[in-house]
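Model the full structure from these sequences, guided by the hints.
Protein chains: 2
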Amino acid sequence: MTTPNPASLSLNTATTRKRWGLAQAIEGCARHGIRGIAPWRDLLHAMGVEAAARAIRSNELTVTGLCRGGMFTAPDAAGRAAAIEDNRRAIEEAHALDAQCLVLVAGGLPAGSKDIAGARLHVQEAIATILPYARQAGVALAIEPLHPMYAADRACINSLAHALDVCDAVDPQRAGGIGVDVDVYHVWWDPQLEAQILRAGKSRLHAFHICDWLVPTRDLLNDRGMMGDGVIDIPRIRGWVEQAGYTGFHEVEIFSQLDWWERDPDEVLKVCKERHAQCC
Amino acid sequence: MTTPNPASLSLNTATTRKRWGLAQAIEGCARHGIRGIAPWRDLLHAMGVEAAARAIRSNELTVTGLCRGGMFTAPDAAGRAAAIEDNRRAIEEAHALDAQCLVLVAGGLPAGSKDIAGARLHVQEAIATILPYARQAGVALAIEPLHPMYAADRACINSLAHALDVCDAVDPQRAGGIGVDVDVYHVWWDPQLEAQILRAGKSRLHAFHICDWLVPTRDLLNDRGMMGDGVIDIPRIRGWVEQAGYTGFHEVEIFSQLDWWERDPDEVLKVCKERHAQCC
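Respectively, the protein sequence lines represent chains A and B.
Just so you know, we're using the working numbering here: the first sequence kicks off at 223 and counts up by one.
Just so you know, we're using the working numbering here: the second sequence kicks off at 223 and counts up by one.
Keep in mind the hints are simulated off the structure, nothing from the lab.
Bear in mind that the values here come from a model prediction, so they are computed numbers and not experimental data.
Incorrect hints may have been included.
[Claimed, not checked] Derived DEER-like restraints, expressed as beta-carbon distance ranges:
| no. | chain 1 | residue 1 | chain 2 | residue 2 | range |
| --- | --- | --- | --- | --- | --- |
| 1 | A | Gly334 | B | Ala229 | 29 to 39 Å |
| 2 | A | Pro438 | B | Ala397 | 32 to 42 Å |
| 3 | A | Gln479 | B | Gly450 | 24 to 34 Å |
| 4 | B | Thr225 | A | Asp337 | 47 to 57 Å |
Heads up, the beta-carbon is just placed ideally off N, CA and C, and yes, glycines get one too.
Here it is as structure tokens:
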């Protein structure tokens with residue numbers, strides 16, 4: 223396995239969100255020679271979309287994804303319609319940033335519901351609804367399957383196979399504009415992972431996220447590890463996405479209440495670069 | 223959906239393990255009219271196998287499973303051989319108790335390893351090794367796929383499909399003696415669940431475990447919910463296992479540091495019976 227190209231590193235702003243706003247993250251990437259950035263929308267709104275787009279352009283950064291659209295599930299039709307509207311705004315923002323994709327996190331069970339099959343159907347319908355709008359805007363949609371431990375409260379799409387089934391359903395001709403985001407944290411355990419990455423192929427692999435799975439994991443949400451500190455064989459998974467034709471960025475997304483969010487973000491970016499070279 | 227038969231309720235001793243030893247759990251089941259029990263081996267050893275078998279027989283309880291065998295992964299051959307030996311002892315204990323099955327939890331990644339595919343291969347080889355011994359003892363083996371959040375540290379078999387693939391590999395003729403344990407906590411999120419339960423069929427469905435998935439889940443290990451307190455559609459899953467031909471017990475297994483382990487076990491059993499009738 224060859225060492226990853228340092229120019230392929232991207233910073234997802236979740237990694238530095240506790241201490242840096244988007245403007246600081248943009249400057250940080252420029253200072254550390256990191257060429258990609260993936261903003262979260264709350265930070266984007268705080269900075270302002272136009273100001274962010276200008277700062278990103280002037281620093282010649284690539285926006286490897288906008289986090290996040292989706293969250294399509296709701297107890298009623300009004301809630302689902304509001305989600306569609308919000309996703310249209312997210313598509314406009316992704317267009318304004320020239321983002322390589324808009325990441326879609328499905329949404330979990332609506333409050334009070336135990337009908338996960340029904341929730342999954344609503345998600346698929348919602349993605350079908352926004353896809354023409356995204357195509358018109360030139361924004362690729364990337365469904366991110368989340369780890370099954372988030373099935374109830376965050377995302378009812380929990381495997382790459384399921385995400386690709388949704389792609390097939392909404393884009394049976396593979397006309398494009400819809401694909402997946404492979405985050406190693408969510409899918410590393412899946413015995414079907416290699417086969418499903420190859421099934422996705424270059425045309426549906428829109429983003430590749432890296433971090434690590436810690437043992438023990440002390441919190442379901444915010445205890446992700448820095449690459450190399452956990453048990454995920456990241457080079458092997460990178461090999462599979464490259465074998466499938468992916469040539470894009472490797473985006474570091476670390477939610478870490480107990481560790482990395484407590485550190486100086488300049489230190490975090492330095493370690494990200496080192497670990498990207500050594501462990502990915 | 224019909225109400226479950228109250229006579230199908232079984233108590234897994236994990237549910238009361240903080241306050242009751244096995245003798246107390248046996249007496250508790252008898253007192254509450256619960257007809258099945260599934261001991262964990264540490265409690266079994268503390269009571270003594272012969273004494274436990276006598277007490278279970280004299281109370282006319284059915285042992286719906288012995289928890290647990292498995293844990294086959296280890297960093298070296300000596301460790302794996304020791305695991306095989308321990309599983310032979312577990313089979314003897316299951317035989318002594320006339321248990322309906324020995325539950326197998328695969329084991330996670332060996333210390334220092336990131337090779338989950340290799341670990342899975344070792345697990346399959348180990349199950350193939352113990353299967354003839356289990357058949358000779360008349361003990362059915364039940365592979366329990368654990369939730370993917372336990373892939374690193376407890377079990378590298380994380381879906382019913384994978385567990386059944388292992389069954390197919392070690393018992394290609396379906397001669398019997400090897401099957402699965404469906405625990406709703408571990409598999410409720412799986413979009414393939416219904417299809418895989420039907421694939422298993424009556425001959426490979428050896429146990430059915432119930433509890434609930436809480437939102438939020440505050441701890442990865444010990445925050446399982448009482449049936450009805452979470453988001454799992456238990457009646458629907460029970461319908462699938464019954465459709466597949468399963469007519470066995472419904473075994474309550476609740477790890478709950480923050481709630482049910484803190485309560486009087488007599489109260490816990492009372493609630494188990496109520497919720498079994500109302501929510502399963």
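Results of checking the hints against the structure:
1. A:Gly334 / B:Ala229: 29 to 39 Å: 32 Å, holds
2. A:Pro438 / B:Ala397: 32 to 42 Å: Holds, since proline 438 (chain A) and alanine 397 (chain B) (Cβ atoms, about 39 Å apart) stay within the stated range.
3. A:Gln479 / B:Gly450: 24 to 34 Å: 31 Å, holds
4. B:Thr225 / A:Asp337: 47 to 57 Å: With Cβ atoms ~20 Å apart, the hint is violated.
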